[in-house]
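*Asks:* Quick note, the sequences are listed as chains A and B, same order.
Residues in the first sequence are numbered from 60 upward in steps of one, following my numbering.
Residues in the second sequence are numbered from 60 upward in steps of one, following my numbering.
Warning: the hint list may mix true and false statements.
Claimed, not checked - Straight-line Cα separation of at most 25 Å, BS3-like style, residue types lysine-lysine; simulated pairs:
no. : chain 1 : residue 1 : chain 2 : residue 2
1   : B       : Lys229    : A       : Lys229
2   : B       : Lys279    : A       : Lys229
3   : A       : Lys229    : B       : Lys157
4   : A       : Lys435    : B       : Lys224
5   : B       : Lys271    : A       : Lys224
6   : B       : Lys358    : A       : Lys113
7   : B       : Lys229    : A       : Lys157
8   : B       : Lys458    : A       : Lys175
9   : A       : Lys175    : B       : Lys224
10  : B       : Lys321    : B       : Lys70
11  : B       : Lys70     : A       : Lys229
12  : B       : Lys157    : A       : Lys224
13  : A       : Lys175    : A       : Lys99
14  : B       : Lys229    : B       : Lys435
15  : A       : Lys358    : B       : Lys229
Since the hints were made in silico from the structure, they are not lab data.
Note that this is a predicted model, so its numbers are computed, not measured.
2 protein chains.
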Amino acid sequence: MTTPAPFITAKTDLERYIAIYRNELVDNILPFWLKNSPDKVNGGFFTCLDREGKVFDTDKFMWLQGRQVWCFSLMYQHVAPNQAWINMALSGADFMQKYGRDDFGNWYFSLTAEGKPLVQPYNIFSDCFATMAFAALDRIQPDPVWQKIAIDTFENILNRRDNWKGVYNKTYPGTRPLRNFSLPMILCNLALELEHVLGKERVEAFIPELIKEVMEVFYKPELGQVLENVQEDGTFSDSFEGRLLNPGHAIEAMWFIMDLGKRMQDQVLVEQAKEIMLNTLEFAWDEEYGGIYYFLDVKGYPPQQLEWDQKLWWVHVEALVALAKAFAFTGDPRCAAWFHKVHKYTWINFRDEEFGEWYGYLNRQGEVLLPLKGGKWKGCFHIPRALLQVSNTLAEMAKV
Amino acid sequence: MTTPAPFITAKTDLERYIAIYRNELVDNILPFWLKNSPDKVNGGFFTCLDREGKVFDTDKFMWLQGRQVWCFSLMYQHVAPNQAWINMALSGADFMQKYGRDDFGNWYFSLTAEGKPLVQPYNIFSDCFATMAFAALDRIQPDPVWQKIAIDTFENILNRRDNWKGVYNKTYPGTRPLRNFSLPMILCNLALELEHVLGKERVEAFIPELIKEVMEVFYKPELGQVLENVQEDGTFSDSFEGRLLNPGHAIEAMWFIMDLGKRMQDQVLVEQAKEIMLNTLEFAWDEEYGGIYYFLDVKGYPPQQLEWDQKLWWVHVEALVALAKAFAFTGDPRCAAWFHKVHKYTWINFRDEEFGEWYGYLNRQGEVLLPLKGGKWKGCFHIPRALLQVSNTLAEMAKV
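Bound-form chain A, shown alone (with noise of 0.2 Å):
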C-alpha cells in the first residue's frame, strides 16, 4: 500500500480511493471472513480470529452475530447479489433466531457455540443490533418471521430506552442520574435502517427529536465537544463520567447526523455536523504519535479508561466515513485534508498486509497491541461499512 497523493485535486484521484476502498472490500475483508468465521457445525459465526484467521475462541457474542448479518446482507444488496454473501447472512440469523433470545425477548449478550446462553441481556446494544440485522435481511429477502423479529426487537428497545441495563444497573437511583449519548447516537442510525419496516411517516416523526437530543443535549457548544452522558435536565456533570469524551462515538453520530440532514435537505444541520466532527478530531489527534485518542476527559483530568490513549480501528475507519461524506456534503477543503491524513495513519497502521484483515488495537505508538483480526467486540462491521461508505460517498462525488 502506497502512500496516496494528496486528497482530492481531481476527478482521477476520486477514481483512486473509490477503487482503492471497494477492492479492499470485496478482495480483502468479506473472504478473510467468508473463510475464517462460519460455524459449519452450528451455524453463526466465529468472530475471535487471530491473525492469520483462525479460532482461538468459540464463544458467540450477540453484538457481533447481528452486525455480521447486517453486513453481509447489506453487501449483497449493494456491492453484488454473491450467494455466498446470503449464505453467511442466513446462517446468521438461523442460529440468532433459534438461540439469540430471552423468554421476553431480549438478546442475551454471549451464548456458547452451541447456542447456551452466557451472559444475560444486560447490554441493549445486543438488541440494536439484532434489529438492525432482521431489517437488513428482510430488505433482501423479505419474510414476515424475519420482520417481525427486527419490529419487536426495536419497539422492546425504545421500552427499555429509559433504564436499559434494567435489573444490572449499579447505578443508586436520584443521587446522580445521568443520561447515556450511546442509544440516542445509535437511533439516529436504526431509524434510517428501519425505514422499510417501520414506515416513513413514523421513521420521520421519531427523527427530529433524536437530532435534537445529539445537537442540542449531548453537544456542548461552550466545551465545543460531545459528552458521553449528562445530567438529567441535560446539564454538564463534574463527574468521570460527566466528563468523559469518547471522540469516535462523537465523529460516527456526526455522519449519522450529516446522513439525516442530507435527508431533510437541512444544509445548516449538515454543515453543524462537519464543524462538530472537525472539532472533535481536532481535540483528539495525538500530535506526537498520529491518530485519535480512544477516550479523554474534557477538563483534560485523568480518565479512568486505561486505554484511553489506544488507537482503535473502529474510531479511524469512523472517521474516514464522516470526512468523505462531509466532504462529498459540502466541499469543505478542510474536509479532504482531513480525509487523507487519516487514510494515511490507517491504512499504513491498521492494515495487515500478510494474512488479511485489519488489526483493531494498537498502542498509543502505532504497534500492534492485540494481534487478533476479531474478538468480544471487534467482528465484521465497521471496517466492511466503512469501505463501502467511503467507496458509495465518493462515488457519488464522481458522478456530479
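Please arrange chain B on chain A, whose structure you already have, making use of the hints.
*Replies:* Then chain B, alone, in the frame of chain A:
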C-alpha cells in the same frame, strides 16, 4: 534515587534497604496522603489526586476509604503512635460508619463527597476492606461498635461468598459456572487481619480450607500458573475467563500463603508458594521493556483486557513484598536477585521525585500513562503496606 548495589551480600546491604523503604513510607507516602486527601468538611478521604496531590474528583470509593482507614491504623500500631495518623483513621471510619452501608449491611461501591450513595454494593471487596478497616482500628482503639461492624461485615462476606455479585451477576446460571480466585485469595489475608475479633480457633479452622483452595484448585501444576477462574469442579475452563492470568494477584496471594505457612511452621508450604511466585514472575516479566505484565492468557492468545501490557504500581510492590518474604523465609538467592531487579524497575519508573508519592499506571515502555497519584482504584494502600512489609521483613532478617 541511585540504584543500589546487588542485593544482598552483607548485613549493611540489609540495613540500607530497610532505611530506604522505611524512610519512603514515613517521609514521602504517608505525608502525601495526610496533606492532600482529608475531606475537612465531610470527613473521609478524597482519593482522586493529580500529580501534585490536588483533588480532581470528589467521589468516594468505599474500597479506598476502607483501605486508607486500615493503613493509618496499621501505621499507628506498627510505626509510631502519631496522633495525626489515628485522626485520619477515625475520620474515615466515622464517614464509613455513617454513610457506607445499605439497609442490609452491604457496603456501597461509591458515594458522593457528602456521603450519598452513587453505586450499589455490587462489589464484595468494598466489604472486605471495610472489615479490615474496622478490625485494624479496633486493634489500636478497642470499641465494641467497631468490632461489631468488623464481625457483621465479615459474616456477611461469608454469606454472600457463593454469589457475591447477587442481582448484579450477569452470568446465565448453569451454562459455564466459574469460581473466581479473588475472594479465596483475599480471605487468606482477612483471616489473619481479623484474628483478634474472630478468635484464634475460628481462624485456624478456616485457614486449611483457604490454603487448599489457592494451592490445589487455582494453582495448576501442569500449567505452572495460578488461574483467575476455574470451573465449578476445579478444572480448567478453555474460555477467556478460564485462560486469564493476573500475575500480580498470583504473586500477592503467594505472600499471603507464605505468611500462613510461617504461622503454621509449614516450611514445605512456604517453599511451594515461593516456587509458584518465582514461576509467575518469570512467566510475566517483560523481557523487552522490563516490568510485570498486568494480564496474560495462559495459552498465549490475545487477552480481552486492553490494558494487558501496562505496568501497574500494585503488581510491582506486591512482588517486592513477596520476594522479600521469600528470601527471608527460605534464603533462596534467586529471590534476592529478583528483588534487586524488581526494586530497580519499580523505584526508577514509578516514583515521582518531583511531587512525591508514586505513579500508578505506566505503559508497556515504562512511561507514565496517567499522571495521577490516586484515583478510583489507586489509594493509600499497596505502596505503604509494601514499604512497611519489606522494611519489617528485612529488619527481622537483620536481627538474626
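*Asks:* Give a verdict on every hint.
*Replies:* Status of each hint after checking the structure:
1. B:Lys229 - A:Lys229: Roughly 12 Å between the alpha carbons, so the hint for lysine 229 of chain B and lysine 229 of chain A holds.
2. B:Lys279 - A:Lys229: violated, 34 Å
3. A:Lys229 - B:Lys157: holds, 21 Å
4. A:Lys435 - B:Lys224: holds, 22 Å
5. B:Lys271 - A:Lys224: Answer violated: lysine 271 of chain B to lysine 224 of chain A is near 38 Å, above 25 Å.
6. B:Lys358 - A:Lys113: Holds, because 14 Å separates the two Cα atoms, which is no more than 25 Å.
7. B:Lys229 - A:Lys157: Roughly 21 Å between the alpha carbons, so the hint for lysine 229 of chain B and lysine 157 of chain A holds.
8. B:Lys458 - A:Lys175: violated, 60 Å
9. A:Lys175 - B:Lys224: holds, 21 Å
10. B:Lys321 - B:Lys70: Distance of about 23 Å is within 25 Å: holds.
11. B:Lys70 - A:Lys229: violated, 53 Å
12. B:Lys157 - A:Lys224: violated, 29 Å
13. A:Lys175 - A:Lys99: Given that 25 Å is the threshold and the Cα spacing comes to 17 Å, the pair holds.
14. B:Lys229 - B:Lys435: The given pair, whose Cα atoms are some 23 Å apart, holds under the 25 Å limit.
15. A:Lys358 - B:Lys229: violated, 33 Å
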